[in-house]
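A.B. asks: The two chains are supplied separately, each in an independent frame; assemble them into the complex guided by the hints.
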Amino acid sequence: MSQTVTKKLMLFFPKCECEKPIIYHLVKDHNLIVNIYRAKVTPEEEGYLVLDVTGTEQDIQRAMDFVRTFNVTINTTGKGVTWDEHRCTHCGQCLPRCPTKALHFADQATRQVVFDEAECIECLACIRVCPFNACASAF
Amino acid sequence: MKTYEQINDRIESGKAVVLTADEIMDYVDKKGVAAAAQEVDVVTTATFGPMCSSGCFLNFGHSKPKIRMSEAWVEDVLVYAGIAAVDVYLGATQLRHGDPANMYYPGEFRYGGGHVIEDLVAGKTLQLFALSYGTDEYPRREIRTYFTIHDLNQAIMVNPRNCYQNYNVAVNDSDRTIYTYLGILEPGRKNATYCSAGQLSPLLNDPYYETIGVGTRVWLAGAQGHVYAEGTQHAGDCERTGNGVPMEGAGTLALTADMKQMRPEFVRGVSLRGYGVSLALGVGVPIPILNEEVLQRTCVRDRDILAPVVDYSVDYPQKTGRVIRYANYEELRSGEIEIEGKKVAVGSLSSYCKALEIANRLADEIRRGEFLVSRPIAPLPRHAKMKPLVIREK
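Line by line, the protein sequences are chains C and F.
Mind the numbering: the first sequence is residues 1 to 139 in the numbering used here, read in order.
Mind the numbering: the second sequence is residues 1001 to 1394 in the numbering used here, read in order.
With the rest of the complex left out, here is chain F (with noise of 0.2 Å):
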């Protein structure tokens, strides 16, 4: 048994022993778990992938006179400015003002707000567009100039739904070709798709959220963040497997940082044909190993954790509810699963090669002791299902 301070204490003495959850099993197999969890600090977590519900808050500062900006654009893509004057909330999946989205489908969707979010982090010079109403202490109602993220006084990523726990495979059962957030899917199950760092990935090693919840200090794209709420369908009444690793997405975070701490190798745009834009986004979460319950759960392996094979063209639509059946990542990894009798070629959007470098650099920060650890303010609640929305009269 380890103290969260006993632990910190060893990573500022810079004596932490720390491993990445892709090095962890081997080191257990051969240590044992007492002994492993009696030695072994922290394990380091990671993923990297399109994460949708993800976007940042933006404060400009005031020109002279000043504006309060009741509609805005940065580089044609509109944000939200329904907030205090000069504050704006940019989205990853907006569209560029005039981008034709699925008229000529599929949609290219080469430019949106998730793109807007990398060349702000990448320090590129960017256009403010902002009109107003005017106002006896805000007259100006109009200003277009250009800047760049060392201009703002705040930059903050505020992501309500990152790091899904774990996430469906899908498939095409239809005749024609479907153009999804899971990618391209050819007909006739040609082709999955899946999209998750398996065993590395952050939720999927402390499955009961028993180290990560609200208030867990994180690595979100090179800044130290935190997990500032559950993320929104988080659901962690879920079918678990005998290891407790949820056999459907379940629970999710909701994180924050200063985007101008990021780095953005791990901040990218995304353009997914025929379905929109959005952005990929490296997080790492470390799970200190206070006991060998905890260190036990971050030994799992990819051909242990089960991800739901879905139909995109009927049963995701229409919510059906069907699985056509479960794989595991190993499965997954190897390029190729087999789908009733049939073999389909297997894909993956999330990059399990940045999420190692994730894990790594994370790790070598911890050893530095330039990462704490944190405790969680609050638990992420264990027992919440998903509702659904429900079509009905006032």
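Same shape as in the complex, but just chain C (with noise of 0.2 Å):
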């Protein structure tokens, strides 16, 4: 068997696609594990899903066919949550909210806030209590 990847897609639903059971498909058809962080596919509008997919290469490729046959747009580097250096005044107020330590200090010396984006789940905890708006959601 070859060997795995975990992709982190976005895919954004027109809104006539959004009835469609694409997930399933994924899973059924193309072998695929999926771990969805985000979604909002609500009928007669448009929706949006947030999801790591582990698979082999060749099958995560085959699925993304499909996917776009569907008139899905898939973004592959886009990030639903995004930290904003310049925002940011490090103070910490975020870390004890952040469940994976993806926003976590560099040093305890300097104390300095960094985000590791992997880390990530998108939970939105951050955004809620950064008192700076320097954590956003794409949607």
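Keep in mind the hints are simulated off the structure, nothing from the lab.
From the three backbone atoms N, C-alpha and C, an ideal C-beta is built for every residue, glycine too.
Don't take each hint at face value.
Computed beta-carbon distance windows for the label pairs [unchecked claim]:
1) F:K1260 - C:F70: 34 to 44 Å
2) C:E46 - F:R1110: 22 to 32 Å
3) C:E85 - F:P1379: 34 to 44 Å
According to the in silico footprint, chain F covers these stretches of chain C (three or more CB under 8 Å from chain F) [stated by the list, open to error]:
4) 90-101
5) 127-137
C.D. replies: If you want it as structure tokens, here you go:
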């Protein structure tokens, strides 16, 4: 069996494609393991889905070709949660709220806050507590 | 023993030895107090955090024809115009016109006075709208125009209460989330917030106000300003630990400086969900090392500074005076404290990172001979107590 990889994807659904069980097919037909962080897929509205998919490169590629047939936009570089290092004052108010420690101090001496995007599960807790508006959501 | 004049001579000749309050302890441990007091001229202290009692006086100059401005708004934020024509005071906690505040609890408070001050210092173009009743010499009754800080005659920050000497650590003993000026506090003491630079903080390094007084030159967001009075609620008569460090809020400073000289990264609007808006400011204060005692007091460490842990759901609003326990800043900075056998996650509203940056910037300015220390023209009161507001009949 060839090696599996995990990719983070943001899918944008146009108004008309929201009722199709696309994720079901990713699992059933393309052998992908999916981990959904955030979803808003409402009939009659545009929607989005932020998820990790794990599978072989070939399976992921085939699955993406399948998704595109529904007129869904796939963004592999977009970030659902962003942290603006210039707006951040490094107070540390977000640190106890970040369950995965994606937001953490680079070191205890300088106590500079850094954001490790790969660890972020988009729980949005930081957005609620940041007094400086440094954290934002794409949706 | 050194005098202010001797220290300034050394600063002006570029020979001053300057350390930050973060570096001085290890230096003194290595050299000994006597030798270090001879050698070191200045220790720099700093803090960066929300300071609600902040604001600024603006002078717009006169339009043609003139207006007296009896009511005015900058970016739809109400400013106080009950002073001379075209002077206004813009306060940090003023909400924007139409902000629903806590009508849809908890309110978001995205923009207000503190954000206007941030935008002003950042050089952004802002809207002025003002009304007047019209007088013979000021006939205009309405004005709407746009300006930047460079168009103003003066933009002088005047902050009645900054640099709290020490501060509460807030927790929530109730069973619902509460929204406070110390951030969002989850029920059942799930988290705690503190707000102090601890061992770097100005008044914790000069606990008896021996060098910091009225007239002391300070670094206020990059500008050279000064202490113009004791801060409001200044109460030096408080419980102190053996080293003289207050175990509660205690002293405060009233600060002023020219906003046109400030740097935007140290003047930042604050949105506190469910509470309101504020302004976070960076302040640096140099401590001239006049003698061994002054030096010794700058060697205070986080572990020697105690802050009271207070419940903000009942005890703080109802003014019961109960302190759950005292926690030192070393514990607080570890990110977790233990309260009555339970581990509580700790966050901060004060930025040690920025405070450190300010202490280093100020130290560099002093080394380059650009920032002199000043002898206070009057001391801060040592024995003032904070009085309550009594509700009574006339």
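A.B. asks: Take the hints in turn and mark each one as holding or not.
C.D. replies: Do the hints match the structure? See the list:
{"no.": "1", "hint": "F:K1260 - C:F70: 34 to 44 Å", "result": "57 Å, violated"}
{"no.": "2", "hint": "C:E46 - F:R1110: 22 to 32 Å", "result": "24 Å, holds"}
{"no.": "3", "hint": "C:E85 - F:P1379: 34 to 44 Å", "result": "42 Å, holds"}
{"no.": "4", "hint": "90-101", "result": "holds (count 8)"}
{"no.": "5", "hint": "127-137", "result": "holds (count 5)"}
Hint 1 from the list above is the single one not met by this structure.
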